[in-house]
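For the record, the sequence lines run as chains A and B.
Residue numbering for the first sequence is 1 to 315, as defined by UniProt numbering.
Residue numbering for the second sequence is 1 to 310, as defined by UniProt numbering.
Since the hints were derived computationally from the structure, they do not count as laboratory data.
Please note that a few of the clues may not be correct.
[To be verified] Simulated pairs of lysine-lysine, DSS-like, Cα-Cα distance not exceeding 25 angstroms:
#1 Lys258/B with Lys225/B
#2 Lys100/B with Lys37/B
#3 Lys100/B with Lys9/B
#4 Lys36/A with Lys274/A
#5 Lys218/A with Lys134/A
#6 Lys310/A with Lys299/A
#7 Lys236/B with Lys9/B
#8 Lys71/A with Lys36/A
#9 Lys300/A with Lys230/A
#10 Lys300/A with Lys21/B
#11 Lys225/B with Lys236/B
#12 Lys230/A with Lys11/A
#13 Lys22/B with Lys62/B
#14 Lys294/B with Lys64/A
#15 Lys230/A with Lys134/A
#16 Lys122/A with Lys22/B
#17 Lys243/A with Lys274/A
#18 Lys230/A with Lys122/A
#19 Lys64/A with Lys21/B
#20 Lys274/A with Lys120/B
#21 Lys134/A with Lys22/B
#22 Lys274/A with Lys218/A
#23 Lys120/B with Lys22/A
#24 Lys11/A with Lys39/A
#25 Lys300/A with Lys310/A
#26 Lys64/A with Lys11/A
#27 Lys122/A with Lys258/B
#28 Lys310/A with Lys36/A
#29 Lys258/B with Lys22/B
#30 Lys243/A with Lys190/A
#31 Lys21/B with Lys122/A
#32 Lys134/A with Lys225/B
#33 Lys9/B with Lys37/B
#34 Lys37/B with Lys299/A
#35 Lys297/A with Lys120/B
#36 Lys62/B with Lys134/A
#37 Lys294/B with Lys122/A
#38 Lys230/A with Lys39/A
Remember, predicted model here, so these are calculated numbers, not experimental data.
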Amino acid sequence: MTFNNSFVIPKGIFTPIPTYFKDDGSYSLDLETQVKHAKMLYESGINGLVVSGSMGEASNMTMKERCSVLKAIREAIPDSNFKLIAGMPPSNYSDIIEESQIASDLGANFIIVLVPGYFGTKLVTQQGIIDYFKIVADGSSLPIMIYNYPGVVNGVDIEVSTFEELAKHPFIVGVKLTHFNLDTYTLLGKNPILSANNFTPFTGLGQVLVPALSVNIKGAIDGLSGIFPKTMLKLLKLYESGKFEQAADLQYLVTRANMMIGEFNVYGVKYTLKQIYDLGDCITGRPPLSTNIDTEKYKKYQNDIDLLLKYENSL
Amino acid sequence: MTISAALPKRGVYTPVPTFFKKDLHTIDYDSQIEHAKFLQQNGITGLVLLGSTGENSHLTRKERIELVSTIHEELPDFPLMAGVAQNSVEDAIEEILQLKNAGAQHALVLPSSYFGASIKQQGIIDWYTEVADNASLPVLIYVYPGVSNNISIDPRTIKKLSAHPNIVGAKISHGDVSHHAIIGLDQEIAANQFITLTGLGQILLPVLVVGIQGTVDALCGAFPKIYVKLLENYDKGDLRAAAELQLVISRAEELVVKFGVVGIKKAIHFATGIGETYLGRAPLTQDVNDADWKSYNDYLLGIVSVESTL
Chain A
1 MTFNNSFVIP KGIFTPIPTY FKDDGSYSLD LETQVKHAKM LYESGINGLV
51 VSGSMGEASN MTMKERCSVL KAIREAIPDS NFKLIAGMPP SNYSDIIEES
101 QIASDLGANF IIVLVPGYFG TKLVTQQGII DYFKIVADGS SLPIMIYNYP
151 GVVNGVDIEV STFEELAKHP FIVGVKLTHF NLDTYTLLGK NPILSANNFT
201 PFTGLGQVLV PALSVNIKGA IDGLSGIFPK TMLKLLKLYE SGKFEQAADL
251 QYLVTRANMM IGEFNVYGVK YTLKQIYDLG DCITGRPPLS TNIDTEKYKK
301 YQNDIDLLLK YENSL
Chain B
1 MTISAALPKR GVYTPVPTFF KKDLHTIDYD SQIEHAKFLQ QNGITGLVLL
51 GSTGENSHLT RKERIELVST IHEELPDFPL MAGVAQNSVE DAIEEILQLK
101 NAGAQHALVL PSSYFGASIK QQGIIDWYTE VADNASLPVL IYVYPGVSNN
151 ISIDPRTIKK LSAHPNIVGA KISHGDVSHH AIIGLDQEIA ANQFITLTGL
201 GQILLPVLVV GIQGTVDALC GAFPKIYVKL LENYDKGDLR AAAELQLVIS
251 RAEELVVKFG VVGIKKAIHF ATGIGETYLG RAPLTQDVND ADWKSYNDYL
301 LGIVSVESTL
């Protein structure tokens, strides 16, 4: 297979965009707000979006709905430099392969695929993970980013040697690391086999962006960038231009604010977007994420959010 | 008041594996039917298709529906419960409708669990209520933290949901006997026309004592008679005989704890010869460690020898 540049995921800051629902009792899609938020991120310089990822409640949507969201965003932002990474929640390879074809037709550039973790750590072996991703990659219509998030797949993790094996597949092009194991970051970021295969690791946790960049991780796919896009881009730029001290100072503010997402996840991101930008009618997710945020508990983060908002507005 | 939906019977149910051909992809319907018949002939109350053991998560919807309709056409009198593992309410409702049309009588529904610890009990109640309001089949709640990112369903949540006329039971797949007791002994839950089964045959006797109505246990797919006999012994008051069988079962279940669905299929293959392979679809493509497996030989031969006397 010939090497194709469009398979490389560019470094940068990508936003896992929440999915907006109407406050109409049936949580129907609010595509107008969806596009408004996507455009705001695009105009701020964000490099691309994960559409229907964890933050987008992919698992709480039907395939048809995931496709509608993707279509609306790509039609509103036809710029091919703005990368759309489509989330693939199914846990069987046939459904993923089918959905990748539709996502490709609708203008997505990559798909992001979770580790198949239903059966947990006792049964899912590294060779089983390799077999699975190779079947997906052989059939997929789009290049694949591996989604390494043990927290949503019953604790199943990927070993470095598994990454080395999978990176050799021309259609497996990167990974989003949604865990804090900085030893793994180092072993992937500086790994010669991965670089030789143009395999790009990202962190899913903006709260450790600077430490991750220091070991050659290529950027972040981070929920906070949906709220403070310019701040996250600035953080990357400061590091890249060698202003390490300033980067570390900004990282401190970012990490503090990200603690809010650590506690409140999707609820916290939606609530904050509503407070700051008045985005969306409905600030809860779909069931089972249908409960309201505890605003008393949120208050302890208010000062950190306000500080970062001030910074964002200064950029 | 709405009339409550039909309850599953007290009894022993088998969550059957999905059998694959040696390519580890094509569904092996001949073995699937052979196994179902074997279970019916040996006294099993009904089947759970497409549970965890059935690799629900590795099949497409089309395959899931075909599997149910195939078994139902072959064995129209055998009660079929179908596993539902969907995170989205709408997908769950659509799937249950198709399962009903294929011949299933009950839906055993896992909670929406993607968000793990972020999910509150009220969110679980909202989710099941929306599903049950629109489900074409009566719903059983499937409590299995091990495959649900560790979310636990509180017995109080079960109690609230038991009041829903279309929610008729629960399967509990964890070893907390206290939770079994809080649900099994609660007369208000029972008055709501609600049946609770344990997913763990290794604690069947202890939980029968606290009001649980039977089991949905995978190893009875290999050794059906001993489970049926245990329940019979308990129901006629012969606790000593039931306890003797329980010991044999609990020992053999250590295999399931260790080797999961691959081990279950291997045990079925060992006991009945059914299936051309016991491996599953990716990522379940790897065999168990042979030396580890052999270390359980005494427990395995123990259950084989008791089963052969029944």
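Is the Cα-Cα distance between Lys225/B and Lys236/B 25 angstroms or less?
16 angstroms, holds
Is the straight-line distance between the alpha-carbon of Lys122/A and that of Lys22/B 25 angstroms or less?
Holds, at about 23 angstroms.
Taking 25 angstroms as the top limit, are the C-alpha atoms of Lys300/A and Lys21/B close enough?
57 angstroms, violated
Tell me if the straight-line CA distance from Lys300/A to Lys310/A falls inside 25 angstroms.
17 angstroms, holds
For the pair supplied as a hint, Lys9/B and Lys37/B, confirm whether the alpha-carbon distance does not exceed 25 angstroms.
Holds, at about 19 angstroms.
25 angstroms Cα cutoff - pair Lys230/A, Lys39/A
14 angstroms, holds
Restraint check for Lys36/A with Lys274/A, where alpha carbons must lie at most 25 angstroms apart
The given pair, whose Cα atoms are some 13 angstroms apart, holds under the 25 angstroms limit.
Given the hint that Lys21/B pairs with Lys122/A, does the C-alpha gap stay at or below 25 angstroms?
24 angstroms, holds
Pair hint Lys258/B and Lys225/B, alpha-carbon separation not exceeding 25 angstroms:
23 angstroms, holds
Please verify whether Lys274/A and Lys218/A have alpha carbons no more than 25 angstroms apart.
30 angstroms, violated
Taken at face value, is the distance from the CA of Lys22/B to the CA of Lys134/A at most 25 angstroms?
18 angstroms, holds
Given the hint that Lys258/B pairs with Lys22/B, test it: the Cα-Cα distance must not exceed 25 angstroms.
Distance of about 24 angstroms is within 25 angstroms: holds.
Hints 10, 14, 15, 17, 18, 19, 22, 26, 32, 34 from the list above are not met by this structure, while the remaining hints are.
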